[in-house]
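A.B. asks: As you go down the protein sequences, you meet chains Z and U in turn. As numbered in the working numbering, residues 33 to 399 make up the first sequence, in order. As numbered in the working numbering, residues 33 to 399 make up the second sequence, in order.
Derived from the structure by calculation, the hints contain no laboratory data. Accuracy of the hints is not assured; some may be wrong.
If chains are identical, the list can't say which one is meant, so a pair holds when it fits in one copy or spans any two.
Here are the simulated SDA-like cross-link-like pairs (lysine to any residue), alpha carbons at most 20 Å apart as the crow flies [what the hints assert, rightly or not]: (1) Lys-107 to Asn-302; (2) Lys-106 to Ala-298; (3) Lys-358 to Thr-253; (4) Lys-107 to Pro-278.
2 protein chains.
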Amino acid sequence: MTNNINTATSTSIKNRCMRLRSVPNGKIVKSDLELTEEPIPSIAADDENSGYHVIVKNTMASIDPTHRIWMNAKKDQYMDGVALGDIMRAITVGIITESRNIDWPVGTKVVGFGGICDYYVGIPEVTIVEKCACNTNNEISPTLELSYGGFVIGLTAWHGVNKILQPGSSGGGGDSNNEVVVISGGAGAVGSIAGQLSKTKGVTVIGIAGGKEKCLFMTETLGYDYAIDYKSDEYTISDKLKEYAPDGITGYFDNVGGTVTEAVLANARNYMKMAICGSISEYDDEWQGIKNFNMILMRRISIQGFVCTDHLDELSDARKDLYQLKKEGRLIFREDIREGIENYTEVVNLLFTGGNKGKLLLKINEQ
Amino acid sequence: MTNNINTATSTSIKNRCMRLRSVPNGKIVKSDLELTEEPIPSIAADDENSGYHVIVKNTMASIDPTHRIWMNAKKDQYMDGVALGDIMRAITVGIITESRNIDWPVGTKVVGFGGICDYYVGIPEVTIVEKCACNTNNEISPTLELSYGGFVIGLTAWHGVNKILQPGSSGGGGDSNNEVVVISGGAGAVGSIAGQLSKTKGVTVIGIAGGKEKCLFMTETLGYDYAIDYKSDEYTISDKLKEYAPDGITGYFDNVGGTVTEAVLANARNYMKMAICGSISEYDDEWQGIKNFNMILMRRISIQGFVCTDHLDELSDARKDLYQLKKEGRLIFREDIREGIENYTEVVNLLFTGGNKGKLLLKINEQ
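Taking the hints into account, I'd like the entire structure generated from these sequences.
C.D. replies: Next comes the structure, spelled out in C-alpha cells:
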C-alpha cells in the first residue's frame, strides 16, 4: 500500500500523514513516528486507475495492539510489517471524496486499510474492505465496523469462541461437565465479546484484566462469573484460578500470552482447548515466552492460533449472531474515542498500559 | 498399584525391587533408588482375589523418557507419579508363574505395568494390559509389545502422524504443496516410526537428533530426506531448517521441546500442524519452555498434546498398518537391550544423554 501518488492536480498540502521513522525499542516513543504535511492525493482523469480507485478522507481509525507488531517489519508476523518511511497502517472508517467509480460514489462511507492520515487512495475490495452499514441506515453508528461489528473485533471473538473453543458442546475435549472458560484481556474489545459469547453458552466465565475498575466491569456489566486482577499484589493469578476453577479450566481465549497464559496452563483440565488471537505481552522485541510449555503434553491441550483475516467468509454469520445479541441487550460493548491524529503515539500506548476503557478509536476528521 | 502383598506362603526372599527413595534433582542418581530384596508375592487360596489376580515374573522392562516424569509425584503430569517408597513403575513383558484364573494360566506371556522388579501381582485388564502375541506364534518376538507393536511406541507414532499431522492430505492446514514434516528425536523409538510413517505419505521428512551416527541412521537406514544434528557446532538448527525447508515446515512431530522446538516454530509455514507426544528436554525440574510462543499466533499454528493411553481404541488399527509396513520391509526398528535390574539407573539415563541406539529395554530375567 502506498499513499504517495502525486498528480498534477494535487498541489494543496493538507494531508497529515503519520509516517514510521524507526522501529520502537520497547515502548513506542514520539520520535519513532513523524507527522508530515503532504499533498492530498488525487486521481487525474488520464490516470489508468481513474475509473476504479477513489480518494477517501479518514474520519476514525481503529487503534489495535497489532500496530506494535506492524511497526517491526523485520520481525516474523502474520502479514508484512510497515516499512520505515511508510504511513502507519490502520483500519479506518472514511468517506469517499473523489471518485469516477459508479459503484463507489463520492459520499460513501467505507472501511479499509486507510492508515493514520487524512486522505488515502482507496482500491475497492482491496484496500477498501467494504461499505459501512450506516450508508443505508442512519440509526447505525458510523463506527460499527470498527467495533463489535467489524472483522478485527467481532469476527475474532466470534471465531475463537464458536469455531475453536465451542464451549457448552464439545468444549473441553468432550468433557462438558462444569465447563470453565477463561478470557485473558477479558475487559478488552475482543475479550469482552468472547466472554459474553461464552456466557451465552451456559458455561462459567472467568475474566482476567488489570485493575479493579476493569474487574468490576467484567463481573457487574459483562456478567462474568469471576474476575481476576493480574496487577493485584494480594494474590497470584494461579491461586485465584485454582479457587474459581477447582476442577480445571476447559477453554482459554488468549489475548495476552506470557505469565497470564502460564497461570492458565498450570490450571488446565485434561483436553483444554485454547484459542490464541493475541499475545499483547509479547509485542515488544524481548520475548518472554512460556515456561510451562510442557503442560500442553501433560494435559493433552489443543491450541489454535488464528488471525481474523483468514476467516472473512464467516463475517456475515458472526454479525448475524452479534447483532441479535446486541438487540436483545445481551451484548455490552464500550468504545473509547480519543481525538487528534497528532496524538497517535500516546493513544496507541494506552493499549499496552491498559489505559483505555473499551475499544480504542482515534478520531482523525469530522464526519 | 502396590506390589506389597504378603501372604502366608510368600516367605522366600527372592524378589528384587527397585524402589524410589527420593525425587531426582536434575539427573537421576543411584541414591534416588534402592534395590531391595523382598518376599516373592503369592496369592493364597483363601485370598478373595485368588481366582482373579495372578503372579507375573518380569522378563523385560521398557525404559522410557516418561520414567523421569513419574519420579516426581509432586509435579503436574498426565497420570499419578510414583510415590516415594514405591517400586519404580515400568511397562514390562513377563510370564505368569502363579494363577487360579482359567483365562490367564501359568506360562502366559503378558504385557503390563509390572514395574522394575522380579515379580508382581498382576490384575488382568487393569495392571496387565494384554497377552503377548508370541504366546500363539513362536515367530513373533517376545518384545514386540514393548517396541513398534506396543501402545507406548507404535501407537504414539501412529496416532501423532495419522490422526494429528495427517501429512499428504490435509497436512499443513490445507496447503498440501511440498509438505515438509520435521521429527524431533527422529532417531528414537517413537520418532523413527513417525518419520518412516510420514515418508510413506510422500512428504519430505527432516529428522533432528544428536550426533553424526544417529543422523546417518536417519538418512541412510530410515530413508529421511535430511538429518540435522542438534549437537553440531557447525550450524544452527534454525539455519539448517531454513535450508532444507525454504518454504516452511508444514508438520512437526515433537518428542523433545525446548530449543529444538523453538527452531521449528521459527521456520513454520502458515497453518503448521504440531503433535506433541514428548518433551524430553523439559523432564528435569527446571523448565526452560519456549521463547517464541507467539509464533503460534503469527503462523496460525495448531498444536495437539497427546498421550498414548487415551487412544488405546486405535491400537489394532495402528498395529495392522505397522505390521504390514514391517512385512514389506518399509519399517526399520532397532532395539537396544541392556541387562540387569541393578543397572536400571545407568540405563534410564541413556535416554537423556542420547546414549541408546534404538528402543531401550532392560532384561530383568530370562524367558
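A.B. asks: Next step is simple, just say for each hint if it's right about the structure.
C.D. replies: Verification of the supplied hints:
1. Proximity of Lys-107 to Asn-302 under the C-alpha cut-off of 20 Å is restricted to the inter-copy arrangement: shortest distance 15 Å between copies versus 34 Å within a copy.
2. With identical chains, the CA atoms of Lys-106 and Ala-298 are at most 20 Å apart between copies only, with a shortest distance of 13 Å across copies and 33 Å within one.
3. In this homomeric assembly, Lys-358 and Thr-253 come within 20 Å of each other (Cα to Cα) only inside a single copy, at 14 Å, whereas the closest approach across copies is 62 Å.
4. In this assembly of identical chains, the alpha carbons of Lys-107 and Pro-278 lie at most 20 Å apart only when taken from different copies (17 Å versus 39 Å within one copy).
No hint from the list above goes unmet by this structure.
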